[in-house]
Structures are given as structure tokens and as C-alpha cells.
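Trainee: Each chain is listed here by its residues.
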Amino acid sequence: MTGSLGTTSAPPIIELREITKRFPGVLANDRISVTVRAGEIHALVGENGAGKTTLMSILYGLYQPDGGQVLWRGRPVGIRSSSAALELGIGMVHQHFMLIPPFTVLENVILGAEPVRAGVVALAQARARVARLAELHGFDLELDARVGRLSVGEQQRVEILKALYRGAQLLILDEPTAVLVPQEIRELFRNLRRLRDQGRTLVFISHKLDEVMEIADRITVLRQGRVIDTVETSSATPSMLAEMMVGRPVLLQVPRPPALPGAGRLDVRGLSVEGERGRPRIHDVSFNVRAGEVYAIAGVQGNGQAELVEAIVGLRRAATGRVLLDGRDVIPLSVAERRAAGLAHIPEDRHRRGLVLAMSTRENLILGHHRRRAFSHGLLRDERAVDRFAAERCREYDVRVPRLGTPALALSGGNQQRLVIAREFAFTPGLLIAAQPTRGLDVGATEFVYRRLLEIKAQGLAVLLVSVDLDEVLALADRIAVLYNGRIAREFRRGEADAATLGLYMTGGGPPTGQAAP
Amino acid sequence: MRSRGRLLLLQAAAPIVAVFAGGVIASAIILAIHENPLSVFGLMATFNMQAGSVASILTSATPLIFAGVATAIGFQVNVFNIGIEGQYYIGAFAASLAAFGLRGFPAPIHLVLIITAAMLGGLLWVWLPAFLRRRRGAHEVITTIMMNYIAFNVVLYLLGLVRDRNLGSTVRIRTPLFPPSAQMPHLAPLLNALGAPIPGYSPLNWFLVIALALAIVVWFWLRRSRFGYEARATALNPLAAEAAGIVVGRVQFVMFLVSGAVAGCVGLSDLLGRAGYFDIDFPKGLGFLGISVALLARNDPLGVIPAALLFGYLNRGAEGIQAFTNVPREVITILEALIIMAIVVAYEIMTRYVRVLRKQEVA
Amino acid sequence: MPLLASAIRLTVPILLAALGGVFSERGGVVNIALEGMMITGTFFGALGAYQHGPLAGALYATLGGAGLALIHAVVTVTFGVDQIIAGVALNLLAAGVTRFLTIQIFGVATQSPGVSGFVPFNIPGLDRVQALAPLVTGISPLVPVTLLLVLLGQWVLRRTAFGLRLRAVGENPRASETLGINVYRMRYTGVLLSGALAGLAGAYLVLEQAHSYLEGMTQGLGFIALAAVIFGNWWPAGALGAAVLFGFFEAVSLRVVASTIPYQVIQSLPYVVTILVLAGFVRRATPPAADGIPYRRGGEE
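Residue numbers (numbering that gives the first Met the number 0), protein chains in the order written: chain Z, 0 to 517; chain V, 0 to 362; chain R, 0 to 300.
Incorrect hints may have been included.
[What the hints assert, rightly or not] Estimated spans, in silico, between C-beta atoms of each pair: (1) Z/Asp348 / R/Gly279: 44 to 50 Å; (2) V/Arg171 / Z/Pro100: 52 to 58 Å; (3) Z/Pro100 / R/Leu147: 28 to 34 Å; (4) V/Pro179 / R/Thr136: 55 to 61 Å; (5) R/Gly279 / Z/Pro75: 54 to 60 Å; (6) V/Trp126 / Z/Ala373: 43 to 49 Å; (7) R/Gln218 / V/Val23: 32 to 38 Å.
Simulated from the structure, these hints should not be mistaken for laboratory data. Glycine is no exception: its CB is placed at the ideal position from the N, C-alpha and C atoms.
Isolated chain Z (complex conformation) (with noise of 0.2 Å):
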């Protein structure tokens, strides 16, 4: 269902039509029809798996839909390969740069697409053509400096001229602000509005509200695989948007118990990261976990939180700024090292991190707990003293293997998590780091996971959720930070936000608050 459309509309240039896109286990486009016009800024706004990413790769060839109809300027195409889509007219700038590092501005704009004369590429034609364009859309670019040694700004420039070389009509930019500062995104958005007043179509792939309310025209906002709407940026509002894009249904509700925070646990002072090639992605961070509390960092996904979780534990260089755990400053400190300190960590992706799948489930289980005197027999391991243990997590924590020996790798990925989780638990640390704990989970296993953090909580240990789910944020949080851009945007205490307000700041919006202080 397409929004109501204007009675001054331009032609659409493209339209989509019960696009349907399906990956093993994921519905990741439910027949969406979505109409861009000629000339306009398009938003495409969603949370975390809403399909944006999934349709865009469709609408440029890298993917081919499993039902449904493009339409280029009313033609139906089929759009085979990203060649195809070039020859469409459709260009796309990628979040991570398709870019040559080594090679000049120059090189990279005309590569795939070289003037040639006698097989040799026609420099001064190539250069005179760029340096055109450049200039037409107001690119200021050093034409035979090399990319790599370009800011990012200068490269998404340079990505977005290869896309005009190439004779792009329509421009899909894939969240492109998510790797720029303030003063970048303020140029990107001067050099859209141009492009956009000079004939071409964008769309814009966000899901920060506030520029997309910024730059946009129109706005479709996606959730779950489907349209909710299509609106006029004139007659939306962040707040709007915000429902549209979290508003479901609360899947899960579990009793929980009232928060008895005791003494500080974790305390993360000034904290700053940087991510790769050195950008920074946390800035000046503080926030403090209690024992006996849920402390939620809530946020959509690429606002730092993975840098955050891996400077905690270790795995990330701090630039600045201390993380103290029990009043002890552990930067200094090896990963072992503060998971001796009584830290466990539940990491963001199961697979890469989490768990070695070609293991057993045995062997899974004293991952990070290893080198234990328990577990030791001389140099050897004690392997009646591991298979106790194991038996005794499996059951505990209702990890269903066959037998202890099954690897990992062919357990189901609520098992998986269970035997993360019954390994993490073991030891009674002080402080647990969740980061999206039930990532990919069905209830039964969400609920379980629920579960079982409140019930350490009441323990009386310190839990420190990171989640780009507000339902989870929600259900489980007693306070819950939201971090923007590498930022807290704003602390709540349980209770003082809904999801609409939670969405709100996570999308950029709300009131310009500084870091509230805890």
C-alpha cells in the first residue's frame, strides 16, 4: 500500500511491486510495492532487519527477488546484475565503499568504464569529463589524489561521482551518513539537494529520523519485511515515524523482579573507542552498573555499541577513559585477565564469537573457563571433572545435545545460546555483558533467556544488556540508556519511557538533551 499521492506528482521512475524476497529462515521483503518519483528525495526508514538493505540490493542487481514486478520509467526490467543496473541508469553508493585505495579519485570514478583509445585509457578525455561533472554538482575533489588517503566524506564524493559517471538517473545511497561527523552530513546533504534540483532521483536509506526529515521528500518506512506507509515529509512527524517504524505488538511479558541495586559494579568513565581505521565511534561515554540491576544500552544497530561491548571486555583498544570493574580501572587488563576479574560476556554473534561450532558441546563449555584449577590435571585436563561440569550446565540450563560430544555446530540456535549462556553463568561472575541475547531466537528461547538473566539479577549480579530490541530493552531493563552516533543520548529510569520515546532517541529525535548524568 502505497501512501496517497500528491496531485502534482512527477512520473514515478521506478516502481517496485510485491517484491518478495526470501532468505533460508527470513522473510526479508513481504510483497512490498514501493513508488519512487522523478526528481524527488525518497526516504527509505526502518529498523534493523526491516528489508531496506534487502530491497535496495534487488533494486541494483546484486539480489533477484523471488516474486514481484520492477517497473523502470512504467517498463517492467528485470535487473540482473549490478552491470544491468548501471545501464538502467540506477547507481548505488554501498555503506562499506566500493573504492580502490591505492587508486587515484580519477582512477576510481572511470575504472569498469574507461575512455579507451587503442587500448589505452584516455586520460586527458577521462579527466576532462570528471573534472566536468565534478564541477557541475559543486564536487570539490582532487582529481589524481589517491582515495585512501581521502577523508570519508571525500570518498562517499568520490562514490557518488562514479555513480554520475556511469550516467546514473537514480542514486540509492545505503545509510550514508552512518559513517560521517556533523559537518560531513551537512555537505552530503547540500550535494543531494543539488543533484536532486539538477533532474536525478535519490533514495536514501536511513533509520535516523532526524535527517531523514531533514533531506527527504517523501518517506516509506519499512518494518518486519513490510510497507507500513509511504508520507509526505511535510505531513510526518519524528514521532509518527518512530511508532510506524517500533510500534508492534509486546511479544513477551515476563514477571520481573523489582530492582535491589547494590554496591557500583561496573563504572564506565569517559569512555571513548575508536572503530576501524581509526574513526571514532564512542565519544566521552559514562554510565555506572549496580549490582542487582538490568542496565539496558539501547540503540538501532551501528551507533557504537559493538565498539562499547568490545572495549569493556577487552577485545578493543580504549582511547580514552576508564571502565572500572569493582573499583578496579581494568583497561590495563588482558581479555582473561577481567574475565578472571569476574566479567562473562554473552557476544552480539553467537558463531563468530561466542562459540568455536566445530567443538563439542563439552569443549564449548569451558571455552574462557579452561585454564580453571578444576578443570586441571597437571598439564592435562581433567576430563571426568569437564564432563561433570558440562552435564551439570546441560541440565541445568536445558541445553538439549544428544551427547556431551555432539559439536556445536549442529545444535539448534536456541541450544546454542543456552550453552553460551550456562557457560557464561558458570563461576558466578560479577558483572554480565549481554549484547543482543536472543538474536535470532524463537519465544520459547527468547523466554528462557528472559528468564534466566532477571533470575542472576535477583541474584544479585550486575547485567549490562545491549540491545537493538526496545520490546527486550523493555521488558527486562531497569534503566536504559539510549546511545546515538556513539553518544548517550538520554538515560531513562524503568518506567519513565515508552517505545515510542525510546524510539525517538534512538532515531535522533527528542529534545537536545546533553548526557544525562547518572
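Using the hints provided, position chains V and R relative to the given structure of chain Z.
Mentor: This is chains V and R only, laid out in the frame that chain Z set:
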């Protein structure tokens, strides 16, 4: 669960398929020179059944087990030690120095000292690539290859310094002969006493037993020790290992060094069980064969034993073919290389298939 | 002068194979089978020259090297097998196949009958100067050909669309694919070129140095070529400098019998230098970013 059964089957089938595929292509080559592949392979089988052949197979498998285990130890944790070749050359030379240089020790002590020298030689040669990988990020594949050639040159030079002057003006350049205390006792007497018809001239010696023991010990060490556990976790999922507090780089460094120390022993069976001196014709290429053996064994130390035996079998069979047919023995060298090609392709396809399965299971 | 002349002669095979290595690795495929491809080249060079003269020798060698390279490409590019492992296996295969064919065709395992090389030429005018004689007389035509190939290679990589795309594929295959570049085809081309050039390097050894095929005549030159690729920072012009340096080392090592420095020390220098470069002690080694990483088409892992 059913897919898991299929997986195990595949895993077991891959080497068999690879050997078979190599055999088919080798057969085509034999046909191309107008010979009958069935009779060639048949002859190889009967020839290899003779007692002398069995002893020869075991003898040539001995250094391959060392080399295979050394390679597997590195490959296990994604350290591509292509320098086994140079490490065993240095190891063998160091062992020679200990063999003729140290006198007056009873044989058991002398042999232990020699083996220690060999391991130290290998360790010396592996240390630089290992260090440069850990501290400077220099890729070990290229550095170890370069170290191989440096090793040959160094050994050649040093050999000139310590060569046996008593040989006078002959062109043979070799170390002085080793004393009897530096000879590894042969197995033939014992095996004969046990009723195995091993010919008395066979150089098959106790290093076979040491090699088998080493493969088993390394296997056990990887399975049952704390460090072995960390090594396996590092190999199978370095990211998860890191999150569990295992310092991946350090584990790889240690395994790299161990690989080199084991590599130092590759040439000992030939040196102390057969030659009794070190000369410029000391066998080369065992390191690269060791890589093949480890690949065939999928880097499993226990799997190295049958893989090395297969290569020993093929090598002995090649002699039989050479002697009794019109087919050159090089057909077998080609067969060995083809098996390796086939096995890596088979494993690659299998790994991909596993990934697909995994994705389905996640879903 | 004789030293310089000998250095040039020793440079050529290293340079040809290194040039091949540059093309392969620029496309993102590590080729440690240069040695094997060179060995194949020596045999086929002798075969061609024996049957139809030196030109056929060079041609056969080129095709022979490319044939082995084709296996490398199929296994590493199409099947995505680890490039190092494939290279090790190929080196074993090359040794076996060459010996086998030598026996089949020449009757003995280790050498071919003598073959004649190209007709050497003198540089007119300069050949009168006695002092320059070793340098300007009796030059193999393959020397200027090699130099030309290197310059051509440098120009192709820098200035042509093919070169730009090949380098792009070696740096970021995924990005290249989104721009409509066929990654597989580029990588196949790079690997095949490397085989052809390494094969030609083998032919040079047969035709212009030994005048017959001898088993083991490459003596690890393929690995020195690999070192020259790295020391030359993955550029033909750089490989030229590296190969000249390494060729000079070789030439010196053959002549220092009487001097105090053992020749083995000088022979080890290329390897030592390469290790120092890799460790970043000489200057930063910057290989193509995707060098050695198998690529799966269309986003499959």
C-alpha cells in the same frame, strides 16, 4: 542431525575420492604411453607385498611422518610453515655436528643429544620467521621459503668448514663419519625375532617408532592439554578464541616454533639410520612431501601416519614399476601431486558444503 | 665488464619470471609455482628447439608454462583453493611431469640432447671497442626482448584499461565486480600471463645458457623471481631493479671463489633482502590488498 551423518561420510570419503581421481588421471597417462594401467598398479601391489618392500615403505614413511606432523602443527593454527625444508636441513646439519663432534658418550645419551641438537637447529631456523610474523607482520610463507634457500647456502658453506679432510683430494664433500654411538639401531633384528621377515639389510630403524610416538603424543597433546585446547580453538575460530581470553598470536607463535623443532628431526632417520655422515647429496624435498602428507591428513597428527604410509607405499611402488615395467617411476610422482590437487579441491568443496549446511541449520 | 655481462645474462630469467609474478599477484593470485612453471618451460623449450629450432622452443616453453598456470587458475580462481597450497602441489607436479616427459621423449630422465639457441648479435659500432667486448658482442636476442616486455608490462599495468582493471581486481575484487569487471577472467589472464612468462624464462635457460635441458637447471630461480616481485613492490619496473640486483649477486657469487667472502653468502643475499623488505626493515612492502585471497563471485562467502 542427518546432515551431520552425511558430513562425516563426506569427510571420510574425500581422501578416498582424491586418491581415486589421481589414479584415474595417472591411468590415462599410462594408457597414453600404450601400457596397461591395471597391470601396472597390479604389479605395484604384488611388489609392495614383499617383505623387502614393506621394510622400504616403512623406512621412507619415517621422515614423512616427522615432516607431516611438523607441517600439520603449523597449519592447524593457520601458520603456513613452508620452511620445513630448510629447518630439517639445518636440523640435520646440527645433528651431524653433535654426532661426530661429541665423543665418549654412551649411545642412548649421545642419541638424545643429537636429537636435541636437531630440534635446536630447526628451532633456530624457524625462530626468525615466527618472530617476524608476530612482531612485524611479515608473511611466513615467503619468509620461510627464503629461509629454505638461505639454509641450503649456509649448510653448504659450513659443510666446507667441517668436511672430512681425510678424504684427501676426492670430490666427495662430507662430514667425518659418525661414531657407533651415533647410529640409530635398526629394527630388523627385533622384528625378525618377533617373526616379521624384514631383511637384515633394511635401514628401517627406531626413528619409525619415535615418529609414530611423536604423532600420537602431538595428537594427545592437542586433544588433552590446556595449550592444545587453546590451539584447536584458535584454529577453528580465532575470533571466539580471542573473546574467551586466548591470545591467538601467542598460540600461533608457539605452534610455529614447535613446528620448526619437529621439522629439525625430519632428516634424522636417514642421517643416523642409513648414512652415518652428512654430505651435499643429503636428501632434499622431504619438507615439501611433508606438506603433501599433512594436506592429505587434513592436518590431523594421527592422520599423518596413514598419509605418510600411502606416500611410502607409492614411492616403493614407483621403484617396482621402474624395475619391472616400461612405465617410468615418475608416473607415481605425478600421481602424488594429482592426489594433493584433488584432495585440496575436494576439501574446498566440502568446506563450502558445510557452510551451506550450517546456514540452513541456523535458519 | 665480463662481470656485468654475466650479470645481465643471469638477470634475464629472474626478470622474465618476476614479470610474470607481477601480473599474477597484481590480479590477486599468489604464484609460488613460478619455479614449477619455469621448469616446465625448460623442458618444453628444449623440446621445441630440438624439433623446430629456437623460436619454436620459446613458443613451446611459453605454452607449457601457461598450461601449468591454467591448472593453477582453475584450482585457485574457480575452486578457490588456497593459493599457497596449490602452488606447492604444482611445483611437485611440474617436477614429476617434466621428468616423465623427458624420459618418454628423450629417453633419459635428466637431460635433453643439445639444442641451438638464437643467433646472438653484436651492437654495431661498439663491438670494435675491445674493452666493451663482453658486453656488446654475442648478445642473446632474448635480452632486448625481455627488456621490451618489462617496459611493455609496466606500461600495460599503468596506462591501459586492462592494467587498471587487473590491479583493481587485485585490490578489491568485490568493488570491481560491482563495476561490471569480470573478476575471474582478469585473474585467469594474470595467472596465465605469469605462466607464459615463467615458461619463457625457462626457455632462456635452455636456449641461451645451457643449450640443452638439464634436470634441476632452474635451481630455485623461480623463488628468486618471487623475491624480485616483492622487492620490486609488485611493479615491472621495480622487478627490473630487483632482478638486476639479484642477477648481479649471482654473477658475483660465481666469481668470488678466490675472495674472502664465501660465495654462499652472496647467493643468499636476494633471500635475505626479501626477508628484510617483508619485515619492513628496508621500506614498507605493500602487496595488492586482495593478494592471496580467494574470491567468490556474487557475495557468496
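Trainee: Next step is simple, just say for each hint if it's right about the structure.
Mentor: Each hint tested on the structure:
1. Roughly 33 Å separates the CB atoms of Z/Asp348 and R/Gly279, a value that falls outside the hinted 44 to 50 Å.
2. Range check, V/Arg171 to Z/Pro100: Cβ separation about 57 Å, and the 52 to 58 Å hint holds.
3. Take Z/Pro100 and R/Leu147: their Cβ atoms lie about 32 Å apart, and the range 28 to 34 Å holds.
4. Range check, V/Pro179 to R/Thr136: about 60 Å between beta-carbon atoms, so the 55 to 61 Å window is met.
5. Against the hinted window of 54 to 60 Å, the Cβ-Cβ separation of R/Gly279 and Z/Pro75 comes to about 56 Å, which satisfies the hint.
6. In this structure the hint that V/Trp126 and Z/Ala373 lie 43 to 49 Å apart at CB is violated, the actual value being about 35 Å.
7. Checked against the given bound of 32 to 38 Å, the beta carbons of R/Gln218 and V/Val23, roughly 34 Å apart, stay inside it.
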